[in-house]
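Asker: Given only the sequences and the hints, what does the whole structure look like? Please build it.
Chains as they are written, first to last, in the working numbering: chain A, -2 to 327; chain B, -2 to 327.
Mixed in with the good hints there might be a few duds.
As the list makes no split between identical chains, a pair holds if one copy fits it or if it spans any two.
[Stated by the list, open to error] Using 20 Å as the maximum straight-line C-alpha spacing, the simulated SDA-like pairs for lysine to any residue come out as follows: (1) K42 x G252; (2) K176 x V198; (3) K42 x H268; (4) K(-1) x G208.
FYI, nobody ran anything at the bench for these hints, they're computed from the structure.
Number of protein chains: 2
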Amino acid sequence: MKAMLINRCGGVDVFEEATLTRPHPGPNEVRIRVMATSVNPIDCKIRAGAVPLSPAFPALLQGDVAGIVDAVGDGVTSFAAGDAVFGLIGGLRSHQGALAEYVLADARLLARKPDALDMVEAAALPVVALTAWEGLIERARVSPGQGVLVQGGAGGVGHIAVQIARAAGCRVTATVSGKEKGRLARRLGADEVVYYRDEPVASYVARLTGGRGFDVVFDSVGGASLDASFAAAAPGAQVVAIAARSTHDLSPLHGKGLTLSVVFSLSPFVHGGSLARVGERLARIAQLADAGLLRPHIDPHTFSLTQVADAHRLVESGGAEGKVVVRVGV
Amino acid sequence: MKAMLINRCGGVDVFEEATLTRPHPGPNEVRIRVMATSVNPIDCKIRAGAVPLSPAFPALLQGDVAGIVDAVGDGVTSFAAGDAVFGLIGGLRSHQGALAEYVLADARLLARKPDALDMVEAAALPVVALTAWEGLIERARVSPGQGVLVQGGAGGVGHIAVQIARAAGCRVTATVSGKEKGRLARRLGADEVVYYRDEPVASYVARLTGGRGFDVVFDSVGGASLDASFAAAAPGAQVVAIAARSTHDLSPLHGKGLTLSVVFSLSPFVHGGSLARVGERLARIAQLADAGLLRPHIDPHTFSLTQVADAHRLVESGGAEGKVVVRVGV
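Answerer: Put into structure tokens, the structure is as follows:
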């Protein structure tokens, strides 16, 4: 079978085409015939060696996968050959990723693919949806009627956060940089769109919340955006961040008694958290998709397995218009 | 009746003795014959004008009170004349404090004084216990068996946090600066005591948690201690801070997916939060005290109402050995 391996960290040129023996599933593992896998910014950082998650070489990157169960190991009762599944299988040191025609995965990291989504859409969902789900549902515990601000509401995680907050009955405001992204955010269910480059925080907080601030702020951008999120939060609000490797004055958290939760979707792999939670969350996410409440936006460029370097280049350029997917079996 | 007013913000010399008419309770208010009121650091900051909570002059400072209900206004059904109560009644712009022989209070801000505590002890409890309660029980949602680190475990809020965490079934480690405070923390129920000046974070995290970190960190100190708290937290941990007007690198929050909650006990007064929550929490706190699980440590110095300046001076000196209480009717 064909695979795209890396044997060192570096630029997009580190991918190497290889022909490997089809792997055999061990206990509690399934073998997946990969249909598609998507590129997340964390995959580019792992490839570049920019985060302390470097894989053991030779390595298969990219945790997001959608495909067909092809064989199951001992002890697997939740899936059988022929099942369409999606999941976050790894792509870092402890667990190999999805850049091959057939991959092995811990069965706890998978859920049944939602019928409403095709394989490309299902492969685009795991990392971004797990991140938004954990942040909004488990950490911030959003409830119907709350005002939710999504910073970067048209981005990879942000556009999913808009839909999950909307599905939870919240009133959603999305910040975006330009008109096209504003249209996307509105189409995905944002009640209000803020062009953050054109309007100060105090202005839209006054305009949209009567000056009180938002009950929940989901920040998918980080850096200066996180300071804006603290400023836009109501007293006692929940702020969720997915990028927080930066230095901030915490006075606004103090004055307003805020809670700041940082979500890192690969945490279960890195810190020994519950892998079963991954599959459980994905099953809930699939329900939302099948209810017509959640659909990832896919960049129109298409990439085959051997074109993964180009897919990484597009993600790193910042110019992708939606999730970037590598098509393997579709 | 006698009162100690301030007519401007400033040093401890701003207190002025005054003779006022005994006030009449309005709707939903009770009049309390004050037995004692305690000094919290926030009271000194309000007096000094160091925080944006300056009262309307002439002002009665100090929110903590214990006393006897003396009269009730229309609509008050929860208390009657003769009831022994304690509460957090204000001491900032919107609600006057307790530095008088008789004071008015919104009935929602009070609870029945625990039988197990005398008036001095009850007056020492509201601000510190409400802060520790909200942080540990409501924000961090501590559960039995969790490892809780209390930074500043012999301080005003910290020594109450040790007892509340212990009562919740947690294994409690307290950091302290010296041997005497270490003995106090142990007497209050700390399972382990860390002398933070003598032992690096990595050392006690390895020694007491096998390197994994604490499930919950309650930081009553702030500043550099907060960075130590981030370092001492386990992946996915809850960090509670009560002093966070400072600038911090949030990378540890990112890497470990932490949640940081900042608790500010006066928030309901400042931001229009639920005043009823204050009384409800105090009722729970009183249950703990009556169960023998919670008792404030009181500084041995005694101060009368007219000696409030000396009481503030002691708190500001940093040399208090427990909560500093002003005795009014006892």
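Asker: Confirm or reject each hint.
Answerer: Comparing the hints with the structure gives:
1. Taking the shortest Cα distances, K42 and G252 sit within 20 Å of each other only across copies (14 Å), while inside one copy they are farther apart (35 Å).
2. Taking the closest pair of Cα atoms, K176 and V198 come within 20 Å of each other only inside a single copy of the chain (18 Å); across copies the shortest separation is 49 Å, beyond that limit.
3. Proximity of K42 and H268 under a CA criterion of 20 Å is satisfied intra-copy only: 18 Å inside one chain copy versus 41 Å between copies.
4. In this homomeric assembly, K(-1) and G208 never come within 20 Å of each other (Cα to Cα): the closest approach is 57 Å inside a single copy and 41 Å across copies.
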